[in-house]
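Here the protein sequences come in this chain order: D and V. Okay, so the first sequence: first residue is 1 according to our numbering, each after it adds one. Okay, so the second sequence: first residue is 1 according to our numbering, each after it adds one.
It should be emphasised that the hints constitute simulated quantities derived from the structure, not laboratory data. Careful: at least some of the hints might be erroneous.
No distinction is drawn between identical chains; accordingly, a pair holds when it is met within one copy or between any pair of copies.
Derived SDA-like pairs (lysine to any residue); straight-line CA-CA distance at most 20 Å [to be verified]:
#1 K291 - V311
#2 K55 - A438
#3 K55 - P434
#4 K441 - S175
#5 K291 - L302
Protein chains: 2
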Amino acid sequence: MIPLLESIQEIVGPSGVLTGEDVSGRSDSWPPTGGCQALAIVRPGSTNEVSAVLKLCHEHGQAVVTHGGLTGLVGGAKAGPGEIALSLERMNSIGTVDTVNRTIAVQAGVALQAVQETAEGAGLLFPLDLGARGSATIGGVISTNAGGNGVIRYGMMREQLLGVEAVLADGTVISSMKDVIKNNTGYDLKQLFTGSEGTLGIITRAVLRLRSLPRSQNTALVAIEKFEHLGQFLQAMDSVLGGTLSAFEVMWNDFYTLIVGNGEKHGLPLDTSHAFYVLLESAGGDEESDKARFDAALEEALGNGLIVDAVIAQSKQQRNDLWGIRDDVEGLVESLFPPLTFDISLSIPQMDDYVEEVRRQLASRWENARMVVFGHLGDGNIHLGIGVGSREPAVVHAVEEIVYQALERRAGVISAEHGIGLEKRSYLAHSRSPEEIALMKTIKTAMDPKNILNPGKILEI
Amino acid sequence: MIPLLESIQEIVGPSGVLTGEDVSGRSDSWPPTGGCQALAIVRPGSTNEVSAVLKLCHEHGQAVVTHGGLTGLVGGAKAGPGEIALSLERMNSIGTVDTVNRTIAVQAGVALQAVQETAEGAGLLFPLDLGARGSATIGGVISTNAGGNGVIRYGMMREQLLGVEAVLADGTVISSMKDVIKNNTGYDLKQLFTGSEGTLGIITRAVLRLRSLPRSQNTALVAIEKFEHLGQFLQAMDSVLGGTLSAFEVMWNDFYTLIVGNGEKHGLPLDTSHAFYVLLESAGGDEESDKARFDAALEEALGNGLIVDAVIAQSKQQRNDLWGIRDDVEGLVESLFPPLTFDISLSIPQMDDYVEEVRRQLASRWENARMVVFGHLGDGNIHLGIGVGSREPAVVHAVEEIVYQALERRAGVISAEHGIGLEKRSYLAHSRSPEEIALMKTIKTAMDPKNILNPGKILEI
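From just these sequences and the hints, can you work out the full model?
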C-alpha cells in the first residue's frame with residue numbers, strides 16, 4: 001500500500017480502504033465494461049472523514065473520483081489506474097421526515113428508492129423517479145441533476161434540493177443545510193454542485209423537498225397521427241388537467257412497434273398502425289373528479305381529432321403494463337444490439353424534422369440501420385435508440401457525428417438529463433460556445449486548482 | 001466629461017450617456033433616498049454595446065452598477081459618485097411567443113408586466129408576479145431571483161428561466177439562449193447569474209418558460225385560531241387541490257387588524273378576532289369542477305375545525321378586494337411610519353415561536369413598538385413590518401440585531417426573496433457560514449478579478 005493510502009486508512013479505518021480484487025471486482029460504469037481500475041476504493045463514514053481524505057489528496061495532488069450508485073450512463077464515475085474512487089456507500093443514513101415543513105435530511109449515499117419509501121411512509125412524496133432508483137444515490141442524482149419521469153410536474157433534481165453539504169477539493173466543508181424553499185442570501189452555492197458531476201465538490205448531505213402524495217392517478221395510452229398534434233395535445237392536456245399532468249411520454253411508431261411487436265410480451269393495447277403513441281398520466285387530489293376530468297379530456301381530444309385512439313388503465317396492473325412498454329429497456333437493447341442510445345433536448349417544433357434527418361442520414365450510411373425514438377416530450381427531451389450492427393469506436397463516432405451535428409444546427413443540447421461525463425465530453429462544443437466552456441473552466445480552476453476532483457470529466461483541463 | 005466617458009459615448013452614442021441632472025434627477029433605490037450619485041448613466045442599445053462598454057471599464061478598473069427597474073428593496077442598485085450606472089432601459093424588445101414550445105425570448109430591460117401581457121396575448125401565462133411588475137425588469141428579476149405571489153405553484157424566477165445571455169466583467173458575452181427545459185451539458189451557467197445581483201455579469205437577454213393560462217381561479221379568505229392549524233390546513237389544501245394551489249398567504253392578526261381596522265378602507269370580510277388569516281387561491285383547468293372542489297375542501301376544513309370562518313370570492317372584484325388587504329403596502333407604511341421591513345425564511349414549525357420571541361424583545365426595548373407579520377407561508381417565507389418610531393441608523397441596527405439573531409438561532413435565512421444588496425450585507429454571516437462566504441468570494445474573484453461589477457454588493461471584497 002502506498003503511503004498516501006496508509007494515511008487515508010488511518011482516517012477511514014481498515015474496512016474503509018478497498019484494494020486489489022475488492023476494486024477490480026466492481027464495475028464503475030453502466031452498461032458494465034470491465035472492472036474498476038482505481039488504485040483503491042475509499043469508503044469514508046462521515047463528512048469529517050471525507051474532508052480529511054480530500055485534504056490529504058489535495059496536498060498530494062491525488063485525483064479522486066466520487067462513486068454513488070454507479071448507474072450513470074456517460075462514464076462519469078470511471079476511475080483510472082492512478083485515481084482513487086471515493087464511495088459514499090457507508091454514508092447512507094436517512095433523517096426523519098419533517099411533515100410540517102415537508103423536508104427530509106439525508107446523507108448522500110442513501111439510495112433514491114429509500115428516500116421515496118421513507119417519504120411515502122410519512123404520507124408524502126419524493127417525486128424524482130427513474131429506473132435505477134434502487135441503486136442510484138441521492139448524491140448521484142444531485143451531482144448529475146437527474147431527470148426521469150416526473151419532471152413535467154415536479155422539475156428535475158435541482159428543483160427538489162433545498163440544502164446541501166459538500167466538501168471542496170481542499171477539504172473545506174461547505175454546509176448549506178437549509179430547509180427553506182426561498183433563500184436569496186448571496187450566491188446559491190448548491191447550484192454549483194448540482195449537475196457538475198463531482199468535478200467541483202463531493203456532496204455529503206442534502207435537505208430534500210417533499211410534496212403531497214397524490215390521491216388520484218389516471219393513466220392512458222393514446223394514438224396520434226400527426227406530429228403537430230403532439231404539441232397541441234400536450235397543451236390541451238396541460239391546460240385542462242391544470243397542475244396535475246404528471247407524465248407525457250411519447251413513443252414514435254418505430255419504438256412502439258419494436259417493443260410491442262406482435263403483442264407477445266406486452267399485449268397490444270393499441271395496434272401498431274399509428275404514427276405516435278403518448279403515455280399520459282395525471283396525479284391529483286380527488287379520485288372521482290380527477291378521473292371524470294381525465295376521461296372527458298380524452299373524449300374531447302378524440303372528438304376534435306387530436307388523438308385517434310385511446311386506452312385508459314382501469315387498474316394498477318393495467319397502468320403498470322402500459323408503463324412496461326415505455327420502460328422496456330431490455331427489449332430495446334436486445335432488438336438494437338449493440339445499441340447506441342442518445343439523450344437530447346430540442347425545441348419541440350423542430351423535433352419531427354430533426355428525427356427525419358437523422359433517420360435519413362443513418363439509412364444512407366448503413367443499410368440495416370435501425371432507429372427508435374421515445375422520451376419525455378413534455379419536457380422537450382427525447383431519447384434515440386440506434387442500432388447499426390456495431391459498437392466499434394469509429395462506427396460509434398460516425399453515428400454520434402450524425403446525431404449531434406443535426407442537433408447543433410437546431411440549437412439543441414447533447415445531454416438533457418444524463419450529463420456529459422467522459423462519453424460526451426468531446427461533443428460538448430456542439431451545445432456550448434467556446435465562451436461558455438471557458439467560463440466553466442474558470443469556475444473549475446477557481447474551485448479545484450489542482451484538478452483533483454473527477455478530472456477529465458465534462459471538461460478537458 | 002472624463003476620457004473614459006468620452007470613449008463610452010463613442011460606443012453608445014450621445015443619447016447613451018447621461019450626466020449631471022439627468023443622473024441626479026433619478027433615484028436608484030426604493031423607497032427613494034435622494035438622487036443617483038453615479039458619475040454617469042450609460043444606456044447601451046445592444047449586447048455588443050454592453051460588451052464594448054464593459055471591456056473598456058475592465059481595462060480602466062471602472063466600477064459598474066447595473067440598473068434595471070430600480071424596484072429592489074436592499075440597495076442593490078445604489079451607485080456611488082465614482083461608479084457608472086449601466087441601465088438596460090433601451091434594451092427592451094420582446095420576441096414572439098413560441099406557442100408550441102411555450103417560450104419567449106426577451107431583452108433584459110423589458111418590464112415584467114410587458115412579458116406577462118405578451119404571454120397572455122398568446123394564450124399563455126408568465127407566472128412570476130410581484131407588486132412592482134410595471135417597473136421591475138426581466139434582468140432585475142433574474143439577477144435578484146425574485147419571488148412574489150405564485151412561488152408555491154410555479155417556483156421563483158430561477159425556475160422560469162431556460163436560457164440567458166450575460167456579459168462578463170471583461171466584456172465576454174456568454175450566450176446560453178437555449179429554449180429547452182432540460183439541459184445537462186456541463187455547468188448550468190445561468191444559475192451563476194441568477195440571484196447574484198449583478199456582481200458576476202450583466203444579463204442582456206433571456207429565454208423564459210411560459211405555462212398554460214389557468215381556466216379557473218378560486219379565492220378565499222379564511223380564519224384560523226391555532227398556529228399548528230396553519231401547517232395542517234396548508235397540507236390539506238395542497239393535497240386535495242392537487243397541483244392547483246396557487247397562493248397560500250398568511251396574515252397574523254396584527255397585520256389584518258392594522259390594515260382592515262374598522263373596515264373603512266377594505267370592508268370587514270372577516271372580523272378581526274381571529275389569530276390568523278389565510279388568503280387561499282387555486283388556479284386550475286376547469287371552472288365548474290375546480291370551484292366545486294375548492295368549496296368542498298373549505299367545507300371539510302370548517303367541519304374538522306382547521307379553519308373557523310371563511311369567505312369565498314364570488315366575483316373578480318371580490319377577489320381583488322381580498323388581495324387588496326394582503327397587498328396594502330401603503331396602509332402598512334402609514335401605520336408603522338417609519339416602517340422597517342424584513343423578508344425572512346425559516347422552517348414553518350419554528351415560525352410561531354420565532355415571531356413571539358421577536359415581539360417580546362421589541363416590546364421590552366421600545367414601549368410603543370409595533371410589529372405585524374404576513375407573507376408567503378406556503379413557501380416558508382414571512383415578512384415582518386416593524387415600527388419603533390425611528391429610522392435612525394442605531395435604532396435600525398438594534399432592530400436588525402433582534403430580528404436576525406433570533407433567526408440565526410433557528411437556522412433561518414435573512415433574505416427569502418429580496419436579496420442582500422447593500423442593506424443586508426453586514427448580516428450575511430447570520431445565514432451563511434464563513435466557508436460559504438469564502439466560496440462566494442472565490443467565485444466572485446474568479447469571474448470579476450478587478451471587482452468592477454456592482455462592487456460591495458452582497459460581499460465585501
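So, going through the hints one by one against the coordinates:
Taking the shortest Cα distances, K291 and V311 sit within 20 Å of each other inside one copy (14 Å), while across copies they are farther apart (29 Å). With identical chains, the CA atoms of K55 and A438 are at most 20 Å apart between copies only, with a shortest distance of 17 Å across copies and 27 Å within one. In the homo-oligomer, the alpha carbons of K55 and P434 lie at most 20 Å apart only across protomers (18 Å), although the nearest pairing inside one protomer, at 32 Å, exceeds that limit. Proximity of K441 and S175 under a CA criterion of 20 Å is satisfied inter-copy only: 16 Å between copies versus 24 Å inside one chain copy.
Within a single copy, K291 and L302 get their C-alpha atoms as close as 16 Å, which meets the 20 Å cut-off; across copies the closest is 26 Å, which misses it.
When the structure is compared with the earlier hints, no violation turns up for any of them.
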